[in-house]
Structures are given as C-alpha cells and as structure tokens.
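Novice: Sequence:
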Amino acid sequence: HVQLVESGGGLVLPGGSLRLSCSASGSAFAPNDMGWYRQAPGKQRELVAIAANDGTTNYADSVKGRFIISRDGAKNTVYLQMNSLNTEDTAVYYCYTRTPALDVYWGQGTQVTVSS
Numbered sequence: 001h002v003q004l005v006e007s008g009g010g011l012v013l014p015g016g017s018l019r020l021s022c023s024a025s026g027s028a029f030a031p032n033d034m035g036w037y038r039q040a041p042g043k044q045r046e047l048v049a050i051a052a053n054d055g056t057t058n059y060a061d062s063v064k065g066r067f068i069i070s071r072d073g074a075k076n077t078v079y080l081q082m083n084s085l086n087t088e089d090t091a092v093y094y095c096y097t098r099t100p101a102l103d104v105y106w107g108q109g110t111q112v113t114v115s116s
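Heads up, the sequence shown is in my numbering, so the first residue is 1 and it goes up one at a time.
Honestly, the hints are just simulated from the structure, not real lab data. Since the structure is predicted, the reported quantities are computational estimates derived from the model, not experimental observations. Certain hints may be false.
[As the list claims (entries may be wrong)] Distance ranges between label pairs, derived from CB positions:
1) 111 to 15: 12 to 20 Å
2) 16 to 100: 31 to 39 Å
3) 84 to 57: 16 to 24 Å
In this text, a Cβ means the ideal position worked out from N, Cα and C, and glycines have one as well.
Model the full assembly from the supplied sequences, consistent with the hints where possible.
Specialist: Structure, rendered in structure tokens:
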C-alpha cells in the first residue's frame, strides 16, 4: 500500500508564495509520475503540474511561469513552489503519483487559500 503525506498549505496574501511537499512511502514503491492536482469549490479537479521520472515536467497553462515542480528521487518526495499566488489559486491541492504498473495514488489534500 502506498501512502502520500502532504504538507505546506495555508493562508497567503495575493502575490505571496508557498511551498508544498509530498512524501510517498510504501513497500517496494517505485513511482513513475509524481505531481499535483487541485480542486476549487464547485469545480472539477485539475492538473497543476507533473514531473516524470525522465525529468520532463508538464504544467497547467494557468500556472506556467509562476509554479515550479521538483522531485527528490532518493526520498520519493515531490515539491511545488508556488509564486505570485492569486485568488484563483485557492483550492485543495492533492499530491498524485502513478507507478510503472499504472496504479494511481492520491494524498489527502492540503488547503491553499489566497486572500487579503
């Protein structure tokens, strides 16, 4: 069983920054993709950023140039540095991972609120 534990959410002023972290653990766990999705109230869950094992990254257009995803392979940890936050970034952020066998796992979610 794979467990994802997120941290780093909170309340921030518009224009501010936050850094999310997600650590994955589990027996013989070897992730392929790791990344982040988010879900705002009344909206569907959407991709924020994904980092693959080969180093490639993919970002939602709405966060390009503001958010940076990175991974620490040795620790099975993924980070999301979020800069220039605005109110539209307010959402619950979910860590995501997919194994080479295409099994998908989700974290419990961490709230990010951007408000003055």
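Novice: Which numbered hints are broken by the structure, listed smallest first?
Specialist: none
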